[in-house]
Amino acid sequence: MELSGLFSYFVFFLSMVSVYAVLVLGLNIQWGYNGQLNIGVAAFFAVGAYTTAIVTGPASDNYLGGFGLPFLVGLILAMVVAGLLALLVGLITVNLRSDYLAIATIGIAEIVRLVLKNEGWLTNGVRGISSIPGPFDGLSGITEGMAYLVTLLVFVAGVYWICERLFRSPWARVLRAIRANEDAVRAAGKNVLLFRLEAFVLGSMFMGLGGALYAHFVGFVSPGAFDPMFATFVVWVMLIAGGSGNNRGALLGALVIWAVWTLSSSMIDALADIGLLPDQLATQASALRIFLIGLLLEIILLTRREGLLPERPPKAIDRAD
Amino acid sequence: MIDFLQIVIYGIVLGSIIALGAIGVSLIFGILRFAHFAHGDLMTLGAYFALAGVAGMSLPMFAAFGLALGATALVAVGIDRALYSRLQQVSPIILLISSVGVALMLRSLIQMIWGPDNEIYQSGISMPWTFAGLRIQPTQVMIVGGAAGLMLLLHLFLQHTRFGKAMRAMSDNPDLARLSGINTQRVVILTWIIAGVLAAAAGIFLGMDTRLHPIMGWKLLLPVFAAAIFGGIGKPYGAVAGALVIGLAQEMSTLILPAAYKPAVAFALMVIILVWRPTGIFGGKVL
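Going down the list, the protein sequences come from chains P and D. Taking the working numbering as reference, the numbering of the first sequence is continuous, increasing by one, and the terminal residue is 321. Taking the working numbering as reference, the numbering of the second sequence is continuous, increasing by one, and the terminal residue is 287.
Treat the hints as calculated values from the structure; they're not laboratory data. Hints may be right or wrong, so weigh each one.
Stated by the list, open to error - Cut-off 27 Å, straight-line C-alpha distance, at most; resulting in silico cross-link-like pairs (DSSO-like, lysine-lysine):
(1) D/K262 x D/K219
(2) P/K190 x P/K315
(3) D/K262 x P/K117
(4) P/K117 x D/K219
Unchecked claim - Beta-carbon label-pair distances, calculated as ranges:
(5) P/R127 x D/F4: 32 to 38 Å
(6) D/G115 x P/A259: 38 to 44 Å
(7) P/R186 x D/V141: 49 to 55 Å
(8) P/E119 x D/T279: 30 to 36 Å
(9) P/S266 x D/R211: 34 to 40 Å
(10) D/G56 x P/T283: 16 to 22 Å
(11) P/A259 x D/L257: 43 to 49 Å
(12) D/M61 x P/P278: 45 to 51 Å
(13) P/K190 x D/F157: 43 to 49 Å
(14) D/F157 x P/V80: 40 to 46 Å
Quick reminder that beta carbons are idealized off the backbone N, C-alpha and C, glycines included.
Excised from the complex, chain D in its bound form (with noise of 0.2 Å):
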């Protein structure tokens, strides 16, 4: 009983940071309609930020991490000026493929700066805390802690807030938002903002929750994919709860499966989403 709560505590640690990745990717899939491929490696990019602040800088953890949540955000903007919104009235088939060489780029890039080898944020080791058994490292709070208030922070963006409310108009009817005098363009920025900070935030906690590595991000975009589409493309809600199911299945597989094989679990469980349900759990789009 023990073990198994420690795969679920396991497993609610890793949907969260998959959670924080696939809000990006399903609000980016709502508003420019097409499923962005460096995604992950944008994760990748923001952990080591972090880890040029923490490391390069000397700066105290949370500065490090402000300042990475940040400057993902303005990279993940500058992409788009650059590349997709020249793109985007060619076709969204156009946006996905330049993705993809996004992806590549941003990886060899951080390879380049950083090099091909694990890096760590601290050294030492600390001590996890036990509960009736159950061992919890304080990273593992820190991880689910902040990806919970992130994700309440952009509920009450989107739920309060103009902006979120022009973002929600232009995900449900691009048209009817363009017609009723919605500046697209910046809610178009203010989504790249969003899902840089997210991403960010995903790839700092994989980092301390295992290590450092250019392809970190890459191996984590196929759950991430699974969980928006398990949740439903277009719906943020949607894709926590995705994360969460995948993640714990990821984990759980653990049990009857090799370790290596946990990729396969979410795409698995997204291949019979697909065949079964494809709009997601929670009814989003279907492309």
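Looking at chain P on its own, in the form it has when it is part of the complex (with noise of 0.2 Å):
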């Protein structure tokens, strides 16, 4: 590969990292800071991406479309939807134990999936909806991703300072109290639904605007462009390798895995091409890939169950007094 193009696989690549750092630390939020078990994040995502590709895209005669919103307000708009749809799913689930919200979360899943193929007024269906907009068409090539690379980036640090800060606020800790011990919680008179049901808005909130950015950053969104278990799944991976609670862990198990999912499928190239591999585990590498990365999972759970960088309290605040 010449250089260019590795340069600008190199920015595809870190593009990729972003928009799952910005999931991996919406579900921190969730069940990182307080320990709900979402298994819907591709619920969210997706609802994101479509409502900014909607809102924004162009035109047409075959779904909703035309409104020709600004990038920013697309991305705002994706927030509230998604944040609309988690608040009631909360609401049915969360004065019950985290295994209901896990099941809850892969019904809204299915639903959310089966809206996208079959509302076609609205979505365009199985066809799904292309030319979303990205806020840096002008531009040409090369210099687009990169604008667009900085451009998620300043998400990425923005989402994680927003989390940091929240991370030491008393808001987080009683989420990690509730976490621990809900009823002694309850007893010192906070009102532990409502603790519970801001942090799945808000983290929902993080993965709509996830889905929101990756929309206009490959400019096209279909039901068949996001498989919703393996995004569930492997957001779901890079927390728990990087390290559930901590948000620095968020990030690097979002590049991390991410990289080891990127190498993977130039492995077993490599293997298929000198004929290591046997030609029916080839053909099927994409399930090979997965089978892998959930047998990473289950080693990690196993024996390193805290991640790469494993959750820290924060540090005391120095007051001046």
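These two chains come separately, so use the hints to put the complex back together.
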């Protein structure tokens, strides 16, 4: 591969890592801070992606669109719609143990997928929505990619900063306390359900933002573009590998797991080329990669559950007096 | 009227398949206290094991099915020994996450071995029997009969054997069961054997009713959970009732909704029961 190709691949790689980083940070608020099992990450991701695609995309006779709203408005609306969906799911399951949330979220993920696929007037069905404008469409090729990568990094930094501030705040302290002992927190007079609902909605809004950033990055969304189970699963593996409850761990997890995922593809190709891999496995390379990621998750759970960067309680804030 | 009865028949067939999965989920819930997310893919595995017997080894149907039930139970116990039993001390939540990983691994393994395409057990069309305008496929009779037979066996096992009693005791109160000298590890293994056999049967019946596909079981996971919750977690009999309600509701929904939204019906019923009566209609556990 020539140098410019390598460089543009590197830009693409970091852009994907950035999108995933936003998703993982969102999941960290839910699972890392509060112990909530959201197995429907893909639903909030997809809702965010489609929302911005519809409100910023070109007009069409086949589906809703043509509002021509700017990039930033698309992102904000994506977060709002994802947040509303989360509010709905949260209200149903908030007073039950996390297993019910897990089951309810796979249900929501399935229903979101069905709606995207079948409601053609809204989403153009299986054909999906294309030519979603990016904020730097005027620029050419690699310059545009670079400009968007910088934008993505700014968003990752912003979300990270918010998450870190929250982590040190009394709000997240209550969330961690709920995770450890719900009854004690309730006895201390905190509204446990409200805190839990807030964490779930905020985390899902970040997932919606991640979906919207992705939509403007690739310029195309369709129900087939993301296998919901895979998208959810890989975000979970990233968070657990990086370190649940640690925001830097979340970023590291996104980088490391996406690198592993990308490298595994090249390695499987290389192995197949030199004939070390049976033909049958080579044709099912994507299944083999998912299997290996699953195996990685189980190994992490068995041997290093706290992840690469374990959760640390925030440092005490220095006071002037 | 005939159309309506025809839909009722489809609902009962689907309900029988869901019931076999839901009983397993409910038992695992009662004994191990976690939602087993790999249950759908365990069903798929059972269906493909049977396919290996029928198509690969050209065994007669019944022999292949029996072999598949045993092999799936063995895999279920193996997964428990390798993963779940080691993670059990940590927290049920970690078990749940681990089972999501197992689900993905099983599915990709099935896809690697048997490919991503549709498969069937037997080619050729069998003529349906007609009773007063109702069409009934021989396979549908086999599915409902087979499911009912397995449920009867489970009932006899739970009510009339020492192991069955131990299982019910552990589901009611694990600490008390341990104190009274029940070998809890043996009960856990037994639970996985039963859950594996029933899951394989559900998968095989699903494959007979429609066709085999690597995500066939995953697609049934939501109705299975909905049935288990509807009937009350930890109540195998409730799970059967819940499954029939979910199966009938899913098929009847096609009268007013596009067929694509069938899974949404299971979800809607689950939401109603969670809001209105989280213990399920038969008063099971709430986690």
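Checklist line | Structure-inconsistent hints, enumerated in ascending order | finding: Failing hints, ascending: 6, 12 and 14.
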